Every structure is written in structure tokens, then in C-alpha cells.
Amino acid sequence: MLLSWLFPRGKACAWCGRPVHQGFFCTSCRQQLQAWQQHYHPCLYCGRLLPLGKQAVCSQCREELPPFYKARAVGPYQGLLKEMIWALKYQGRRSLANPLGRLLAGVVVRELGPGRPDLVIPVPLTSTRLRVRTFNQAELLALALGQELGLPVNGEVMFRVRETAPQVNLSRRSRWQNLGGAFQVTAPGKITGRRLLLVDDVLTTGATASACTNALLAAGAAGVAVITLATGIENLPCFSP
Numbered sequence: 001m002l003l004s005w006l007f008p009r010g011k012a013c014a015w016c017g018r019p020v021h022q023g024f025f026c027t028s029c030r031q032q033l034q035a036w037q038q039h040y041h042p043c044l045y046c047g048r049l050l051p052l053g054k055q056a057v058c059s060q061c062r063e064e065l066p067p068f069y070k071a072r073a074v075g076p077y078q079g080l081l082k083e084m085i086w087a088l089k090y091q092g093r094r095s096l097a098n099p100l101g102r103l104l105a106g107v108v109v110r111e112l113g114p115g116r117p118d119l120v121i122p123v124p125l126t127s128t129r130l131r132v133r134t135f136n137q138a139e140l141l142a143l144a145l146g147q148e149l150g151l152p153v154n155g156e157v158m159f160r161v162r163e164t165a166p167q168v169n170l171s172r173r174s175r176w177q178n179l180g181g182a183f184q185v186t187a188p189g190k191i192t193g194r195r196l197l198l199v200d201d202v203l204t205t206g207a208t209a210s211a212c213t214n215a216l217l218a219a220g221a222a223g224v225a226v227i228t229l230a231t232g233i234e235n236l237p238c239f240s241p
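Start counting the sequence shown at 1; every next residue gets the next number (the UniProt record's numbering).
Simulated from the structure, these hints should not be mistaken for lab results. Only a predicted model underlies this, so the values are computations on that prediction, with no experimental measurement involved.
Each pair of labels, with its calculated beta carbon distance range:
1) G220 <-> Q34: 31 to 39 Å
2) G92 <-> P188: 33 to 41 Å
3) V132 <-> V161: 16 to 24 Å
Yeah, the Cβ is synthetic: ideal placement off N, Cα and C, and Gly gets one too.
Sequences and hints are given; from them, build the entire structure.
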């Protein structure tokens, strides 16, 4: 009876299966997911991680500000968070979308200020990639986030008008060229004058988020913030092995 009270059936970590007393992840997994905060802080604008005590703005944003007004992430694309993202995207562990989406919601509350977004929009997949994967991980994350914060989610406001090469292993310049004009808003009336929250799994150079934001702003959105599970660290490759 004592063991049943201490470790109630069904309260297991969404990742490792250890007992969980609150939330979706055990103490060990939570500590791993938060360890970066002892060493880094997010860029004021794009959220890319910078060493504590250093400049407030990354070199990329000092060169040119992104079209979105702020981006934030749960953590860097490495370690346990990277493993979770790969498990969700490439191993079909869709059960991770809900707990990871709830992590995104926590970051939105802490980092994006008091003004609530009017609408949550996931970054769309290409039709080919959607057929292969059978789900859009960004949409699953957006739905979990929206449910947690009581925000409407619309995955049909924007779509990719053309197929694009995978962004992995492309340089920053190639990523921007690859995504130029790739997104189109299908229902401008649903976003005109509204504050939008764009959801994706990873932000690297910011090319995808910027291309989506440009399309949304051109269609009349009042402003766009970006939330992702992972981001890069200044001067470190985001997609390191």
C-alpha cells in the first residue's frame, strides 16, 4: 500500500518511465532539460543561446534583426532534448508531443510576456514529408500548447506552396534561399490584425521561422512570436552529431 501511494500506477515519466510526482517528466529528466540555464541565456530577439555574462544579442541579430519580434525555446538542440525530438519526429513516438507541448506552454508563459497571442499556428510540412511521416510534429506540439493555455490553434492558415530540400546540412545562406517564397497564407481574414504564435520543433538559422513570419505579416498579422523545443548555441553547429 505504501509503494502504491508513493508511486501511483500510471504516473510515469513520459521519457524514461521512472516515477513522476508532478508534471510529465521525472526529476532526473527535468534536471537534464534545465541544465543549460546554468551556462547560457537566450538572445534578446531570436532566442539563440549565448554564454552567461556575455552580450545580450547574438551576432546574427546584430547583423540583421529577424522579422518575428521574439523567439524562445525549451533548450539547446543537444543531449536529452535532442533525443526526445528525434524520437518524436523519426521514431514515431507521438506520445511525446503532449508533454513536450506542455513544456512549450511553460516557456510561453515565462518568456513571451503578458500579452496573450490570439492564435497559434504550426509550421506546415511539405505534402511529401507529411505523407511519409503521417503527422506534422509542429501541429501536435501546437495542439498540446493550445490546450494547456486555452488558445485556439489553426493548422490550415498557412501551407507550403512548393516542395523544399531538407534543411539539415544546408548552410545559413542556402537555407534562406531554399525557403524563399515557400509559404503562403490561405485565409488572410483569420490573421489580419492578430498576434500570432508560430510553433516548430527546432530553430537553427531562423530561416524557416522568418519565411513563415514574412508570409504572415504580408497577409496582415499584427506580429509574430516564435516558440520551439530547441535552438542553437552561438558558434556551435545546431545539428552536430
